[in-house]
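Residue numbers (our numbering), protein chains in the order written: chain A, 22 to 381; chain B, 56 to 232.
Honestly, the hints are just simulated from the structure, not real lab data. Do not rely on the hints blindly, as some may be mistaken.
Claimed, not checked - Here are some, though not all, of the chain A residues that point toward chain B, as calculated from beta-carbon distances under 10 Å:
# : residue
1 : D188
2 : L189
3 : V332
4 : F360
What the hints assert, rightly or not - Residues of chain A placed beyond 10 Å of chain B at every Cβ, according to the derived structure:
#  : residue
5  : D95
6  : E167
7  : R225
8  : S238
9  : E334
10 : V349
11 : R352
12 : K368
Said to hold, decoys possible - Residues on chain B that point at chain A, a partial pick, calculated with CB under 7 Å:
#  : residue
13 : E66
14 : D69
15 : V72
16 : V74
17 : G84
18 : D92
19 : P96
20 : L130
21 : M133
22 : L139
23 : R140
24 : A185
25 : V203
26 : Q209
27 : I210
28 : K228
Quick reminder that beta carbons are idealized off the backbone N, C-alpha and C, glycines included.
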Amino acid sequence: MRVHQLGHGLIPGDAISHHTLEIDRRLRAWGLESHIFAGHVASEYQALAQTDGHFHSFLDSPDDLLIYHYSIYDPNYRLFQKTLMRKILIYHNITPPQFFQGWDRSLAALCDAGRRVLVELRGCDLALGDSDFNRRELVAAGIPEEKTDVLSIFLPQSHFTPATDPDLMTQLQAQGTVKFLTVGRVVPNKAIEDVIRIFALYHRAINPRSCLYVVGSRYLPAYDTALDELVDELALNDAVVFTGLVSDTALKTYYQAADLYLHASHHEGFCVPLIESMYFGLPILARKAAAVPETLGDAGVLFTRLGYKKVAEMAHLLVSDESLKAQVIARQRQRLQDFAHDRVEAKLREILIRLHVLPA
Amino acid sequence: MSDSASSPVLEIRDPAVDVEVVLRRVATGVQQRRMADAYGPDSALLEPEALRPTVAPGDEPTRVSRDYPSLQEALVEMTDLAHLRELTFTSQIPVLGRAVAAMRNAWSWMAARWLDQHLRSQQTAFNQAAVRFSSELLNRQNAHISRVCELEAQIRHLEARLARLEDIAEAGKEDEQ
Numbered sequence: 022m023r024v025h026q027l028g029h030g031l032i033p034g035d036a037i038s039h040h041t042l043e044i045d046r047r048l049r050a051w052g053l054e055s056h057i058f059a060g061h062v063a064s065e066y067q068a069l070a071q072t073d074g075h076f077h078s079f080l081d082s083p084d085d086l087l088i089y090h091y092s093i094y095d096p097n098y099r100l101f102q103k104t105l106m107r108k109i110l111i112y113h114n115i116t117p118p119q120f121f122q123g124w125d126r127s128l129a130a131l132c133d134a135g136r137r138v139l140v141e142l143r144g145c146d147l148a149l150g151d152s153d154f155n156r157r158e159l160v161a162a163g164i165p166e167e168k169t170d171v172l173s174i175f176l177p178q179s180h181f182t183p184a185t186d187p188d189l190m191t192q193l194q195a196q197g198t199v200k201f202l203t204v205g206r207v208v209p210n211k212a213i214e215d216v217i218r219i220f221a222l223y224h225r226a227i228n229p230r231s232c233l234y235v236v237g238s239r240y241l242p243a244y245d246t247a248l249d250e251l252v253d254e255l256a257l258n259d260a261v262v263f264t265g266l267v268s269d270t271a272l273k274t275y276y277q278a279a280d281l282y283l284h285a286s287h288h289e290g291f292c293v294p295l296i297e298s299m300y301f302g303l304p305i306l307a308r309k310a311a312a313v314p315e316t317l318g319d320a321g322v323l324f325t326r327l328g329y330k331k332v333a334e335m336a337h338l339l340v341s342d343e344s345l346k347a348q349v350i351a352r353q354r355q356r357l358q359d360f361a362h363d364r365v366e367a368k369l370r371e372i373l374i375r376l377h378v379l380p381a
Numbered sequence: 056m057s058d059s060a061s062s063p064v065l066e067i068r069d070p071a072v073d074v075e076v077v078l079r080r081v082a083t084g085v086q087q088r089r090m091a092d093a094y095g096p097d098s099a100l101l102e103p104e105a106l107r108p109t110v111a112p113g114d115e116p117t118r119v120s121r122d123y124p125s126l127q128e129a130l131v132e133m134t135d136l137a138h139l140r141e142l143t144f145t146s147q148i149p150v151l152g153r154a155v156a157a158m159r160n161a162w163s164w165m166a167a168r169w170l171d172q173h174l175r176s177q178q179t180a181f182n183q184a185a186v187r188f189s190s191e192l193l194n195r196q197n198a199h200i201s202r203v204c205e206l207e208a209q210i211r212h213l214e215a216r217l218a219r220l221e222d223i224a225e226a227g228k229e230d231e232q
């Protein structure tokens with residue numbers, strides 16, 4: 022039995038690429054023939070995958086199974102539509118375009134097209150969201166509820182092993198400050214401006230010996246400029262650090278050195294940094310939006326709207342009250358178990374049995 | 056939004072945490088800092104406010120997509136107005152008003168009922184056909200907008216792929232040299 026996976030790209034450091042490779046590994050272990058195709062295959066992965074054009078030769082194979090990873094508009098969705106195979110759609114969510122409107126026209130157009138095309142992917146045997154939030158978006162796109170399910174992603178194990186950049190750690194510890202951390206691409210749906218304003222109140226009214234680290238790539242110049250201006254206006258130039266994209270080791274160092282993970286995103290389909298914060302024992306204070314409450318379960322602390330003063334005060338309790346901090350971290354560690362690889366693997370296996378790809 | 060509004064700002068779902076105690080400590084902390092004027096005189100600067108993008112020339116939404124919501128609203132309004140309703144006379148004249156209105160209604164019923172009903176049903180049928188036609192046009196326009204968005208995205212995607220291929224070709228040339 023052959024199983025094919027098709028997606029937008031196979032790139033190192035990308036969570037969906039990692040998920041694809043983990044599925045591939047399991048399919049092979051279960052005795053299935055597995056192939057990966059993507060619109061763009063990074064040179065590191067060329068031995069493991071082919072570009073999507075090669076998928077044409079398998080289009081008319083009704084006994085095969087196609088798993089299509091959908092996370093951004095890609096013309097290769099037409100291959101998914103055309104093929105005679107049985108089909109599983111895995112929806113990793115697409116940010117609603119309005120978050121990019123006025124900031125980046127190309128990204129807004131890609132997200133807009135991506136969400137419109139989702140409706141055209143209804144012709145599948147099963148549609149999976151990597152969170153229930155994503156699954157509900159599939160139902161909203163017209164896929165019958167009974168054809169949907171949730172398959173959490175295989176989190177990159179390399180992110181969940183201890184490693185430290187000693188120079189960076191020394192530098193961070195030498196400051197003797199309380200450190201807030203937020204991780205992810207610096208894009209408007211992450212509402213970095215809210216993180217900065219909450220931090221500004223904490224810094225001004227509660228603890229001036231504090232820093233905010235915004236770790237993640239910056240690639241929307243207009244948004245970057247607006248954030249820089251905000252930092253300037255709030256006189257936080259010495260307290261807010263935009264690190265840009267960092268290595269895995271540096272990222273782990275920031276998690277280990279930080280005192281609080283602060284997250285204000287309006288839209289997340291899953292949110293890996295929350296899981297990383299759970300792993301590194303960092304108390305989480307996050308906006309209750311999109312898939313964030315689902316990912317957290319009953320762990321962490323949520324803010325439901327922006328009473329900055331109360332959120333800043335809560336942040337203060339989470340970093341200064343050792344007993345509360347320990348309780349919150351303990352719950353987060355329990356929640357982390359729900360995302361263990363063996364659980365995701367069991368669910369994947371169950372799905373493949375249901376589709377008669379694997380024997381019961 | 057001020058933090059004094061009625062819905063809760065914080066939500067703690069961990070059963071191990073005494074939520075009431077924590078929320079009370081938060082409220083007390085805020086109150087004490089307010090009294091100490093710790094938030095500063097310009098704390099309005101820190102009120103929640105979204106960053107506003109500056110729309111660069113060429114980044115404006117196309118006219119057709121900008122107008123689309125208002126067209127949709129117009130169609131809803133048209134649908135409401137399509138069905139003509141019978142006129143019922145009323146009168147503001149004190150005491151005699153009800154009798155005057157009843158007489159007018161009776162006269163209208165006797166003199167013009169059949170003509171009125173015929174004209175109304177003809178006009179309603181035309182209006183409903185016009186609504187169906189407009190709705191179909193709007194649906195087709197929506198499909199075209201979707202297609203344009205998709206084609207725009209496809210062009211950008213192809214441009215990116217072409218750029219990658221050019222880079223690879225360029226790198227190949229340099230290796231040969």
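Against the structure, test the hints numbered earlier, and report the numbers of the ones violated in rising order. 1, 2, 4, 5, 7, 9, 10, 11, 16, 18, 19, 20, 21, 22, 23, 24, 25, 27 and 28
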